[in-house]
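Protein chains in written order, with this note's numbering: chain R, 1 to 165; chain G, 1 to 266.
These aren't lab readings, by the way, just hints derived from the structure by calculation.
No false leads were slipped in.
In the DSSO-like style, the derived pairs of lysine-lysine whose C-alpha atoms are separated by at most 27 Å in a straight line are:
(1) K32(G) <-> K26(R)
(2) K155(R) <-> K88(G)
(3) K71(R) <-> K134(R)
(4) K155(R) <-> K71(R)
(5) K246(G) <-> K234(G)
(6) K114(R) <-> K246(G)
(7) K114(R) <-> K84(G)
(8) K100(R) <-> K120(R)
(9) K67(R) <-> K240(G)
(10) K96(G) <-> K114(R)
(11) K84(G) <-> K155(R)
(12) K201(G) <-> K231(G)
(13) K73(R) <-> K246(G)
(14) K155(R) <-> K240(G)
(15) K4(R) <-> K6(G)
(16) K246(G) <-> K96(G)
(17) K88(G) <-> K32(G)
(18) K240(G) <-> K190(G)
(19) K4(R) <-> K9(G)
(20) K231(G) <-> K67(R)
(21) K67(R) <-> K263(G)
(22) K88(G) <-> K114(R)
(23) K266(G) <-> K231(G)
(24) K73(R) <-> K240(G)
(25) K67(R) <-> K234(G)
(26) K32(G) <-> K84(G)
(27) K73(R) <-> K100(R)
(28) K114(R) <-> K71(R)
(29) K84(G) <-> K26(R)
(30) K67(R) <-> K155(R)
(31) K246(G) <-> K150(G)
(32) K71(R) <-> K246(G)
(33) K190(G) <-> K231(G)
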Amino acid sequence: MKTKLNLWLICSFICAALLTFWIHGKLTHHVGDITFDRNQDSTEFKLCNDENIYQYYSINTHYEGGKRAIKEKLQNQFSNILLPETGLLTIRFILNCEGKTGRFRAKMINNSLKDIDVSKYDLSPLFLSISELKDWNLGIIRNEPQNSFYQISFKLHEGQLTDIF
Amino acid sequence: MNLVVKIIKIVFALVFTAYSLLIVYQLFLAPKEQRFHLAANMQGVGLSQTMFSILNWQHPNYSDAFFERSVPFNKRGEYAIGFKYLDKAIEIEPEKHLDYRGYMKLRFLRDYQGALMDFDRLDNLTPDIVDAPWGEDIDFLRGESYYGLKDYAKAIECFQRSVNNQGVDWADVQTFVYDGLCNYELANYKEAISSYEEALKQYEQTCEAYFGLGKTYLQLGDSLTASAYLKKAKENIRFKREDYYKEYLNEIYLEEIDDLLRKLEK
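Model the full structure from these sequences, guided by the hints.
If you want it as structure tokens, here you go:
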């Protein structure tokens, strides 16, 4: 009886502990997270505060002058970048509370909305151009600017950049 | 003493067991609607996605779970995954989810042709009702799609149908703005002015309409009137239509009003 009780206690404790760790992992992971990758991310780029990163649309992080201003600054940056001719390229990155950018990631879809692998293309000139955008209005919570994710989409058609939004 | 230890062990074992069973119940056994709402309230969190994957596995015909699972992926730029789940929801219940896919293709992907295909398919499935994808009139959104395609004549047809369907007083004020923009592009300046004026009749703070009037009068060579309207657009810019997620196709900016005003002052 004593052995059975101990076994029940141990098993129930292990189950509860494993479930707690599993749920904690699931609660701290979010769709669209960008984790640090030493092979592609600069170690100089630091997150602020408690390292929470909000979605741009949740805290209204935006660029001064809106997408029009972004468009003006980026539309001539595609001439030297080799990419699939048609599709929608989305660059997602993090803006820290000082308005600095880092951890750039690129995803592209074709007209059938299927993934195109862009890992073989060198997008660093485009990332550099984005990092040169300086007029960010950062989302504020309790009077403190916050880290946030942001994304810019580039529409390409038959080798031409047709839209940035 | 032994009895006390035994009781404590039983209490702890019961608490741990109940805790684990509660989690298993919430993940696998609770009514599907209850689990759906719990997962939907944690949009984008890993646990929410796991709960939706369980719902998708247990109830492969529950389209809402596929639809809701797609939402954070599409909001966060992972369109291939997001649209995979959304397509599945549409495969199960097209009348229920085609509106959202059309709306997303228009506003998030600027895939105007794809959006039109979804709106047309939805319309064919629901011939007796005027659909309102994501709360906006279907013909307004069709018009916006044709505007994106630069097919201004077709866009005007759609915007006028939208006004007819809803009545002048109930149509979205931006319908008149877009109608003005299309007429401007077609060099129908008189019609453009009339559309913008109708927008202002509906809502006098419509800065997009003042801006459109400014540009139209500029095109007509009337700099004085153009300047007055551009100044009105500037005064009312705080009322501009904007969305935290994406830029609207007809979104205007203070900087472009200032640019035009500066040109006029030269």
